[in-house]
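Chemist: Since chain A is already given, all that's left is putting chains B, C, D, E and F on it; use the hints.
Residue numbers (my numbering), protein chains in the order written: chain A, 10 to 266; chain B, 10 to 266; chain C, 10 to 266; chain D, 10 to 266; chain E, 10 to 266; chain F, 10 to 266.
Just so you know, the hints here were simulated from the structure itself, not pulled from any lab data.
Don't take each hint at face value.
One copy or two, either will do: identical chains are not told apart, so a pair holds if it fits within one copy or between any two.
What the hints assert, rightly or not - Quick list of in silico lysine-lysine cross-link-like pairs, DSS-like style, CA-CA up to 25 Å:
| id | residue 1 | residue 2 |
| --- | --- | --- |
| 1 | Lys160 | Lys16 |
| 2 | Lys221 | Lys16 |
| 3 | Lys207 | Lys221 |
| 4 | Lys160 | Lys207 |
Just so we're clear, the structure is a prediction, and the values are computed from it rather than from any experiment.
There are 6 protein chains.
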Amino acid sequence: MSSDRVKTGIKGLDEMLLGGLLPQTANLVEGPPGTCKSTLGMQFIYNGIRTYNEPGLIVTFEEFPQQYYRDAESFGWDFRQLEREGKLRVIMTSPEVSRADLESVGGTIETLAREMGARRILVDSVSHFDQITEDPVELRAVVYSFVNSLKREGMTSILTRESPVLLGADEAEDNTIGFVVDGYILLRYVEIESAIRKALLVLKLRGSDHAKDIRQYEITPQGIEIMSRFEGREGIMSGSPRRMADVFVEAFGKPLR
Amino acid sequence: MSSDRVKTGIKGLDEMLLGGLLPQTANLVEGPPGTCKSTLGMQFIYNGIRTYNEPGLIVTFEEFPQQYYRDAESFGWDFRQLEREGKLRVIMTSPEVSRADLESVGGTIETLAREMGARRILVDSVSHFDQITEDPVELRAVVYSFVNSLKREGMTSILTRESPVLLGADEAEDNTIGFVVDGYILLRYVEIESAIRKALLVLKLRGSDHAKDIRQYEITPQGIEIMSRFEGREGIMSGSPRRMADVFVEAFGKPLR
Amino acid sequence: MSSDRVKTGIKGLDEMLLGGLLPQTANLVEGPPGTCKSTLGMQFIYNGIRTYNEPGLIVTFEEFPQQYYRDAESFGWDFRQLEREGKLRVIMTSPEVSRADLESVGGTIETLAREMGARRILVDSVSHFDQITEDPVELRAVVYSFVNSLKREGMTSILTRESPVLLGADEAEDNTIGFVVDGYILLRYVEIESAIRKALLVLKLRGSDHAKDIRQYEITPQGIEIMSRFEGREGIMSGSPRRMADVFVEAFGKPLR
Amino acid sequence: MSSDRVKTGIKGLDEMLLGGLLPQTANLVEGPPGTCKSTLGMQFIYNGIRTYNEPGLIVTFEEFPQQYYRDAESFGWDFRQLEREGKLRVIMTSPEVSRADLESVGGTIETLAREMGARRILVDSVSHFDQITEDPVELRAVVYSFVNSLKREGMTSILTRESPVLLGADEAEDNTIGFVVDGYILLRYVEIESAIRKALLVLKLRGSDHAKDIRQYEITPQGIEIMSRFEGREGIMSGSPRRMADVFVEAFGKPLR
Amino acid sequence: MSSDRVKTGIKGLDEMLLGGLLPQTANLVEGPPGTCKSTLGMQFIYNGIRTYNEPGLIVTFEEFPQQYYRDAESFGWDFRQLEREGKLRVIMTSPEVSRADLESVGGTIETLAREMGARRILVDSVSHFDQITEDPVELRAVVYSFVNSLKREGMTSILTRESPVLLGADEAEDNTIGFVVDGYILLRYVEIESAIRKALLVLKLRGSDHAKDIRQYEITPQGIEIMSRFEGREGIMSGSPRRMADVFVEAFGKPLR
Amino acid sequence: MSSDRVKTGIKGLDEMLLGGLLPQTANLVEGPPGTCKSTLGMQFIYNGIRTYNEPGLIVTFEEFPQQYYRDAESFGWDFRQLEREGKLRVIMTSPEVSRADLESVGGTIETLAREMGARRILVDSVSHFDQITEDPVELRAVVYSFVNSLKREGMTSILTRESPVLLGADEAEDNTIGFVVDGYILLRYVEIESAIRKALLVLKLRGSDHAKDIRQYEITPQGIEIMSRFEGREGIMSGSPRRMADVFVEAFGKPLR
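Bound conformation, chain A alone (with noise of 0.2 Å):
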């Protein structure tokens, strides 16, 4: 089944995707600030060009190319040697010239969509879609409609998106991006014996199953790596899990024996 599949190359996220990402679908991967969801993207692009031969854009609302290459570049990742082979473009534009763009015949990122051949692309971040109109009714038609051009394109993309709660559980917010995409992956931060520990959980996956447990993962020098899941914790999403009763029971009944 995992044939057709978009593998990320992260070690352990294709395990839970059974297999990597769908063809030609959009991918929501959300987080607050250092959860390391630009990496995550860039790791989805450079794996793909350089271990699945697929070329990549990476379009960015904010952050300059070279913040990009500078990133990629402690990861080890040669981003502007990938440029220089026509595997990757990093573009820098506005959600409204991107947006407009990608509704015309011919415009910047299709045409270098269909010249590079690009199959993924990274869009970081969608929350920057809030600075195009107020009116949620219209954001969501934008992003839909956003969303189906790069499928159309035939690519499979990344969406970042920023979480603006820290630490503990999420509050009732705008969250219409979460039904328009196909898959959706979240990070989060969880206090655990006095340090902080990252924790990521894929909730939806249009047309597959996928893993239901909460794992940790790590920034290693090679990029994210998904470690194993969370033991012995209730309320691992609220980001500040208790010590489930069962391993206290376990440790407690023993002298008692």
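Modeler: Coordinates of chains B, C, D, E and F only, in the frame set by chain A:
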């Protein structure tokens, strides 16, 4: 009593509904992204056609029909074939149009429903009605009127609704549609043992008793399947349940005997 | 003392009210969707007619009378027959009209109430008064005036009110009607042992003592029935109660003896 | 020290106040619907007249005097008789009028208070002052000025105030009146052992010490009666207290000895 | 190090401040109604005059000077006498006037402070500055400028501030004044063993260390007195602390030995 | 790897940063009043000059330079002397001016930075940027542009930011600056054993690994000092941690052996 029920054909759900939905009623299915509200609705329509020989309509306000064909296909449901057989129609429209349509004599939905002899309808999703008006009083009147039009046409409807909270307790928000519908099914994420499970609860079924327990459900290659109830947990609907004290006591008490 | 009470005839509820509601009072019944506020009100009206020979009115601001006939029928209450006997009238109106009506001499409700000798009235629901004005001060005056008109006509009223929170603690919202009414009954969902139960609490009964405990209730084929109180739980009204420590202690202490 | 106190004559409350309220002070009594704020105020007025021979005024901004006569009657207090004796006046007015009245020389309240020699006044409720202005700064000035007028007339006042939260912790809301008054009594609902009790707390009593404990109170046929303090509970003022650990320990420790 | 401190003379507080406040600093005292912020400030002024021979000013934006005389009297502090001696002045003004006053050369406060040789000032309360402007940026500039004027005049100030939450955790609100001041003392209510205690915490003391523990305090006939710290409680500043597990363990462990 | 780090010289912090901050990066230090954000920044500047021979700038939007001289002095840091040596400049400006300044060629900050050879800059605080515009999109662009100007000038910056919540979990608020910066350090109050401690957490350090544990820190006569991590507590970042169950178990288990 269940002889006149509109069976969903979803394993376990009809039992929870003591036979099925009630004929000519509107039934809300509410959940956050990835809880498979649309899948539940499509399965209701598919089973209606294939198992109970009741033609059905799908009204969508955002996704293109192609997306439904594709999603259905992943469960082995051939929606194109059903359309060719005249048993199914997937209609993409806007809330404004479908509302006007149903209010007028001989509108598209009415005409189609009569021609096809449609007995079931999936409206995906009523959250899009928010775009008609910002006035909650008017919105309620619109939804009420739309829902009654469906009943008047003799159809049993499933209305999906997007819930903005991913995990955690619901907050007080405008919930007037919950008062307007006849049936109300909640889908929620629940974190248990470091993984995310899905939970289903029948909150309301006007004119009938129903199961009160909170059940796990899973997405199988054949669609949604209702599993056993949760055991030994408190606060499931908060999304982050606690182990119950009696479980603790049972485990703890033993070594002392 | 209970000889002059207006009995609801609902099993267990009159006992909680130490005999019944007080004559010529306004009584609020508040709850989220599916807690059967309307059923409680209809049962109050039905029992009034059949058991206590007191004619009754039902004023509805949204549902058509047919819906009430149908809902009543599912409990074996023949509302059409009661209407034919001149003992019941189901009136569909708007808050604006019914307010003007009651304020004018010889309005519809007043005339009907007098002709029929109506002693009881169900107003379903006062939440619809929100559509009259957005000014909370004016709204309060309108509700106060409406409620007093009903009393002046000699009727004992049940006013239903929609609560927006499905599960979980109430939030601070405008609750002025709670101060205006004479009686205040809360209906709530409670999650216990992985299932959802319904809870009823009499919060206020001006001019009389009343039961203070929180009781379970169920919908039987004969209507609402009040069951036993909850046992061994803390935080019931939060919707997600905890097992109480003493229950724990009792269970735990035994093996050690 | 308590010789110059203004005794409420309410069983248990004067003890909590170390003798009673302080003369010529304004005292806030705040609670959700059904906690009998008005009853407490009427009892203060009634006992003032009958027990301490101090004439009293009741100023109401919503309820008709008849409602007070009726409510008082249910406790055996004959308010009509007291009015005939010239010891009591129940005045229905509006916040605007009573404010202007007190500000002008020889206004109604001032004249009445002097003619009757009124020493006590119940203002039911100051929440109605919200209708004068939406500007919190102006509102504070109005309330401050009104409260001082009452003191200037030599009266000790009880001011009732509506609290919007039924159960659960208070939220941050505009609470400037709490800073303006001399005394501040909180009434709250508390859920204990599956029932709802009422709790009273003296938060503030300018110029005097007072009991700090949270007491239960009940409505008896003779009016409000303060009962014992709560025992073995934590978080009472949250409305949903927990059993305290030491209670648990005491119970649990025994079988092991 | 404490030789140049401005001693409050309040029993236990100077120890917490490692000698007293720092000269020519602004110190915020924040708390809900009834926590005796003004008393703390008056005691600071009174002790300054009587014990340390430092004249003082009291600036009030709401209460009349008479109220301060009366409140002081209940602690045996004769403020009228101090005024006659030229050691104290209680000035009632408005935030606008006192601000303009301090900004102009030779304004009332400046003149008075110089004539009297005032070294201490109580501003009761800075919450009234909210009435100057609704623009938080302007408000911050006003408060900053006002606070610096006081320092420039060589005075050490206590600024009281009203906290809207009675019990329970603080919510995020505009707290810019907390960043502007040099010292920050929190007063809070804490529920312990079914009673309400008062807690004091020194959060900030620019340029000096200070006690970090949360202390109980009481109002005695001589004024505020700081008591021992709380023991064996978690979550004190939430207003509703829990008993700590180790206390539980200590008590529980014993019978087993 | 740490050879090219910009060392803060703060005991324990450089170890948490695996050597120090990264050159030419912007680093946010966020905390409530009294957590010594400015001290941390001043210490970074002071150590830069004295220990690492890197000249520094301090840009302040509210406090006068004199305040920094005084605050520094209390730690024995002679800022006036450093200014005389041309190694330090404390500039008081407004966000608008400093922004325009950095955007123009040869503005004050740019000129100063070049003349002095400034390598470090403290911006105290970026919360004042809120006064430039109420439009979050524009604000984000301004902050992003300002931050990049600092990097372009070759400086490593510490940006302080005010956090409105004293104790308790953060709420969802606008946190776009957290996404813009390269480093993100959180300062928080934590209540432990009836006292308030200070906690520091490195949340983000773009391009490098960092310590994940939550550490206590204290203000010593020499400045900030990072202490040991918290032990045996859950929920530290909520401000009100619980004792962990295993600690409980360890203590409790012993007497039974």
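Chemist: For Lys160 vs Lys16, is the C-alpha pair at or below 25 Å within one copy, between two copies, both, or neither?
Modeler: This pair counts as within: shortest intra-copy Cα distance 17 Å, inter-copy 36 Å.
Chemist: For Lys160 vs Lys207, is the C-alpha pair at or below 25 Å within one copy, between two copies, both, or neither?
Modeler: Intra 30 Å, inter 28 Å, cutoff 25 Å: neither.
Chemist: Evaluate Lys221 and Lys16 at a C-alpha cut-off of 25 Å and name the case that applies: within, between, both or neither.
Modeler: within (18 Å within a copy, 30 Å between copies)
Chemist: When no copy is specified for Lys207 and Lys221, does a C-alpha distance of 25 Å or less occur within a copy, between copies, both, or neither?
Modeler: both (16 Å within a copy, 10 Å between copies)
The structure fails hint 4 only (numbered hints given earlier).
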